[in-house]
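Peer 1: Residue numbers for the sequence shown follow this note's numbering, beginning at 96 and rising by one.
Be aware that a few hints might be false.
[Claimed, not checked] Computed spacing ranges between beta-carbons, pair by pair:
#1 Gly332 <-> Arg439: 24 to 30 Å
#2 Lys572 <-> Val279: 54 to 60 Å
#3 Leu158 <-> Glu550: 24 to 30 Å
#4 Ala166 <-> Pro407: 26 to 32 Å
#5 Asp433 <-> Arg219: 46 to 52 Å
#6 Ala295 <-> Gln427: 53 to 59 Å
#7 Leu368 <-> Tyr518: 20 to 26 Å
#8 Tyr605 <-> Pro329: 30 to 36 Å
#9 Val279 <-> Tyr779: 49 to 55 Å
#10 Ser345 <-> Glu269: 46 to 52 Å
#11 Val426 <-> Glu550: 42 to 48 Å
Hints in this document: simulated from the structure, not taken from any laboratory.
Even for Gly, the Cβ is constructed at its ideal location relative to N, Cα and C.
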Amino acid sequence: MLAIRPFMRTETPIMLMNKAITGRKFAAFLECATKAYLLQQGAKGITSDTEALRRSLESEIRLCALERLRAGIPPHEVFVGTPTPEILRAGIYSLIIGPEIPFTWGAAHPDALERLPGAVARARIIYRPIRFTLNEKTTYTDKLALAFDTLATSEVVGQTPSTGKIIRGSNCVEQSVHIAKLLVRARSALKAAGAVLSAATPPALELNRYCPTCEFQTRCRELAIASDDLSLLPTIGGKTRKKMMQKGISSVAQLSYTFRPPRRRRSASNTNLKHDPALKALAVRTGRIHIVGTPTLSPAGIMVYMDVEGIPDRTFYYLVGLRYSSGKQEVQRSFWADNEVGEREMWNSCLSALKQIGNPCLIHYGSYETQFLRRMKVRYCSDLEDSDFVEGLLSRAVNLVTLIYAHVYFPTYSNGLKEIGKYLGCKWSDPEASGANSLVWRSGWERTRNPVLRERLLAYNAEDCQATQMLTERLYKLLLEKQSADSETDSVNVEGLERSYPLRFGPLTYALPEFQRINEAAYWDYQRDKVYLRSFRRKTARAGPGRRLPCNKADAHINKTVRAQEARPTACPKCGAGKFHKNGLRSRVTCDLRFSRFGVRLWTVQENFMRYQCWNCKHGVIELPREGKYGPNLQAYVVYQLIELRNSIRAVARNMDALFGLKMPINAVSNIKTSCAQRYLPVYESILRRICCGGLVNADETQVRISGKVHYVWVFTNHAEVAYVPAPSREAGVVRDFLRDFKGNRSAGTTPV
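Model the full assembly from the supplied sequences, consistent with the hints where possible.
Peer 2: If you want it as structure tokens, here you go:
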């Protein structure tokens, strides 16, 4: 059997050189576009000790997984390295380890390629990629990276497998992944990655949940703090940030100025409060703790600060830390489990310690501890007494996150225990201490049994318990003391803040004292002209005789109210989505004239209809087509006055006011004239065509003045129909163009044609 040698992953494709997309860059792009761009530019990040340990663990697990894959395969059917495309298409080898597959977009580096059984007999060679991951559960990023390898392999081989394989965790668990739907998303992600990596400028910086394990974490966070970027606040999602950017809010400081203290209410409920990012930004800008409402912290029993460490993907807990006061000294106890079998012993020891305390009240940070208690109760509490004791612990437990989230705003970007603890003065012995790194330390200890890693985990757990204690004590002082808006204190109650009105003008400063008296006197005319003594429900002041219809449709006299037939839209005109919800009832008022043998009267109809809103893009959709507010009879009467009676636009507006009490703006009369001209344009064009197709045409021109300038109007007739064609000059070019296809007789006035 050939010995397996460790292979190094090269990031330079064979054919496409350094501009190609490699597997590492693609996986980085799925997590962060900035990380992928930095790798493309050849930037070097800071590799921490934990990151080096993680890479070492991945190499060891990869070697173990390869040993399992090689088991049962003849040595001559195993190839280590990169075969030629011809060898891949021929399907000579059953297993190819560590290949580099160049393709159109770049080069893929799958951990291995496995030939599907029976492929040679069917004369269809199909290789499926295999990837290794240290995660105990397969993530969506792992699946898309597998789809990336599949795209490269299928392009070279010519056949696409239906599944890929992922080997995950320290136990090398094999998982088959259906690849068909992932290929579509992988192609779209490839296009997006290609656009980012080929751009001349880096993408917009955006901190996310992958930053704690990134090698460029320090660099990006320094840039974000320098620019006061909104992504420093993790409670603001990507869509919310885009909306804020559209409003011109691009920094934490700008966001802080949008906060408005809530109105004081007598029956304010603390349960309805939500986290306010603007208030968090205000706390960061001012450097003071802000408190909303009246939060309470009243533990029932002896306070025990608890912190639990585990591996969530395996639902395995290996370390429990308890910290409490015994007399005048603090007691720190830790309970450790070497493996899943030792978890029961760890829990029994922890349960005995809690029973010895008497009436413990667990104080923890986050919901991980209560989840731990519920699972331990199900797994190991077969005794009714133990089960009732755990139920009592759960009922008295205090989660500090629920207290802080909507009530207490520390001047920190996030509500993480590490960040708040550092603000309060807590220190961790290991600068790399975090929940993500603790998983790597535990994996390293399980494979090497290195006591240094075990001590690092115990210290990290104990320091978390101490930070929880310091945070609880600080919260006690905050809730007991009286907060005010005084700048000398480090905490302020939001109810004590004055409401600001940024749209109001500030106090005026006058260059001369006399200007102030002049400005005050200017209000006298305003009060005399604009302020009325209202003794009735409606204002009775009128500008002229007769009833007038106000422009506001809410005050108009409605003759008839109709309900439009509901026509729910099928697709959003903006984004194409098909899901809508009703967004209230709207109305449209149409003014028209009603003719009868007794005369003419104004007739106002209110049409009620439903407005819909797109569920996806929030675009409003109205079920009725857009129409004017004036009916066809009224428009015809306006045109009659303009053309037949030769009234001016202003005269028409005055006539409508005097006859019907309808106030029509001048531009409304002009718009009616324009819309009617557009409506009769097809009739006008048909008249022109009939004149041109006839046997006789008479043409003449006349001079007119439009807006003070001289224009000409050509008149064409066939003794049955007449058409007028405007022209800027008296030249006969208009006649020639009009009569280009005319075959009959023509006559003209003074101008030859």
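Peer 1: If a hint holds in the structure, say so; if it does not, say that too.
Peer 2: Comparing the hints with the structure gives:
1. Gly332 <-> Arg439: 24 to 30 Å: With Cβ atoms ~41 Å apart, the hint is violated.
2. Lys572 <-> Val279: 54 to 60 Å: holds, 56 Å
3. Leu158 <-> Glu550: 24 to 30 Å: Holds: the Cβ-Cβ distance is about 28 Å, inside 24 to 30 Å.
4. Ala166 <-> Pro407: 26 to 32 Å: holds, 31 Å
5. Asp433 <-> Arg219: 46 to 52 Å: At 49 Å between Cβs, range holds.
6. Ala295 <-> Gln427: 53 to 59 Å: holds, 55 Å
7. Leu368 <-> Tyr518: 20 to 26 Å: Roughly 22 Å apart at Cβ, these two residues keep to the hinted range, so it holds.
8. Tyr605 <-> Pro329: 30 to 36 Å: Check failed, 49 Å falls outside 30 to 36 Å.
9. Val279 <-> Tyr779: 49 to 55 Å: holds, 53 Å
10. Ser345 <-> Glu269: 46 to 52 Å: Given range 46 to 52 Å: holds, Cβ gap about 47 Å.
11. Val426 <-> Glu550: 42 to 48 Å: Violated - the Cβ-Cβ distance for Val426 and Glu550, about 19 Å, lies outside 42 to 48 Å.
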